[in-house]
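Use these hints to put chain B onto chain A, whose structure you have.
Now for the letters of each chain:
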Amino acid sequence: MARYDRAITVFSPDGHLFQVEYALEAVRKGNAAVGVRGTDTVVLGVEKKSTVKLQDSRSVRKIVNLDDHIALACAGLKADARVLINKARIECQSHRLTVEDPVTVEYITRYIAGLQQKYTQSGGVRPFGLSTLIVGFDPYTDVPSLYQTDPSGTFSAWKANATGRNSNSMREFLEKNYKETSGQETIKLAIRALLEVVESGGKNIEVAVMTKEHGLRQLDEAEIDAVVAEIEAEKAAAEAAKKAPARES
Amino acid sequence: MECVFGMVGKEFAVVVADSSAVHSILVHKSNEDKIMLLDSHKLMGASGEPGDRAQFTEYVQKNVALYHFRNGIPLTTAASANFTRGELATALRKNPYSVNIVLAGYDKGSGPSLYFIDYIATLHKVDKAAFGYGSYFSLAMMDRHYRKDMSVEEAIELVDKCIIEIRSRLVVAPPNFVIKIVDKDGAREYAWRESVKDAPSVA
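One line per chain: the protein sequences are A and B, in this order. Counting in full-length UniProt numbering, the final residue of the first sequence is number 249, and the numbers go up one at a time with none missing. Counting in full-length UniProt numbering, the final residue of the second sequence is number 203, and the numbers go up one at a time with none missing.
Just chain A, same shape as in the assembly:
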């Protein structure tokens, strides 16, 4: 097996591309990221690793704008992310220049996924070690979308998804608790999913909300803390309600 994992261009006898699978491992070690699609809002949330005291946190933005109406969060190798994000931003402007229309979310996702795939079929290169969550609103139709890409270059649309560390637990939570939401409810659902795997508190989570009218808005720590407090209160109330009937009988 060791002979089939050195170069990306080599299949193993049982049909695996080991470099791609190792890249997926790198993603699994990256910070947790979650995306939720509502009817009029899309939310991205990312785990912020324990604060490095001397670091200026404003220079580490994990949720970025690709265009006025498209945002991206990722899990995995951040340096690889810079390259992909840069290329995607250029493509967004290039598309506007050549066809005088902003990109659709699907178009830019297909472009990024295409880039990631290219690097699984070339000599002397390694795949990008990151999965991306791409959100946005299509121009003219105003339909909100959430897409995910991974190092193999596959992509698909999601109602809600998670990637990175503990993504399975977050995805399980979302599968159990997902329903059509809008506005503040969508934000709450995204933060609830993140809180399953992240230490609670505004300074451990970065959340950004995208709406058609206001574009991408990063929530500040106070806002996040407020929603977290709401969630904890709801949880406590649910716990109390569960205990009360048991005592009466």
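Please note that a few of the clues may not be correct.
Heads up, simulated DSSO-like pairs for lysine-lysine below, C-alpha to C-alpha not over 30 Å straight-line [what the hints assert, rightly or not]:
(1) A:87 <-> B:62
(2) B:10 <-> B:125
(3) A:62 <-> B:62
(4) B:108 <-> A:62
(5) A:212 <-> B:184
(6) B:94 <-> A:87
These are computed hints drawn from the structure, not numbers from a lab.
Relative to chain A, chain B alone:
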């Protein structure tokens, strides 16, 4: 002949352009907008080859937007003027663009500014600028009446004086003009000066 001119006032800059799209002896349309919004606080008025004008100004506009996404802050007016000049200079000895540009912008720290960029990549930071045959008249008018720190009303009065001069003295004077202004609140259309309106369609 295409006329573009502009001037700097108190905490604002104004750019004026004619709005005729002409091919030889035919006027295609009289409401062509030749002043492009580069971003929220920049105006780029351009005159010259119609194809080059549209292509080059759109190219600059998209690159200004790209810089904003890459770096999280917008380009300053001076930086975008130098970028524009650089692109014209690079293309000059291969495939030159035939576009003359008046670039106006408002920056939070330094206030309003105006740049004269001609088709062979000359760049000057100025208080008033003009291109085309109309420049003979508008520059003369501005030299006579321009003062530093004019209010919007005074500047528009001067703009109107220039337009009247162009209309009455230039043999192929364009009938309609568009006036755009940029200040701390952003770049926007200020007014049109139309002496020929398209005939209303018969009901």
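Verification of the hints:
At roughly 14 Å between alpha-carbon atoms, residue 87 (chain A) and residue 62 (chain B) fall within 30 Å of each other, so this suggested pair holds. Proposed proximity of residue 10 (chain B) and residue 125 (chain B) is supported: the alpha carbons are some 16 Å apart, at most 30 Å. In summary, the hint linking residue 62 (chain A) to residue 62 (chain B) is supported, as the alpha carbons are separated by about 24 Å, within the 30 Å threshold. At most 30 Å may separate the alpha-carbon atoms for a hinted pair to count; residue 108 (chain B) and residue 62 (chain A) meet this at roughly 28 Å.
Our distance criterion of 30 Å between C-alpha atoms is met by residue 212 (chain A) and residue 184 (chain B), whose separation comes to about 25 Å. At roughly 27 Å between alpha-carbon atoms, residue 94 (chain B) and residue 87 (chain A) fall within 30 Å of each other, so this suggested pair holds.
The structure fails none of the hints (numbered hints given earlier).
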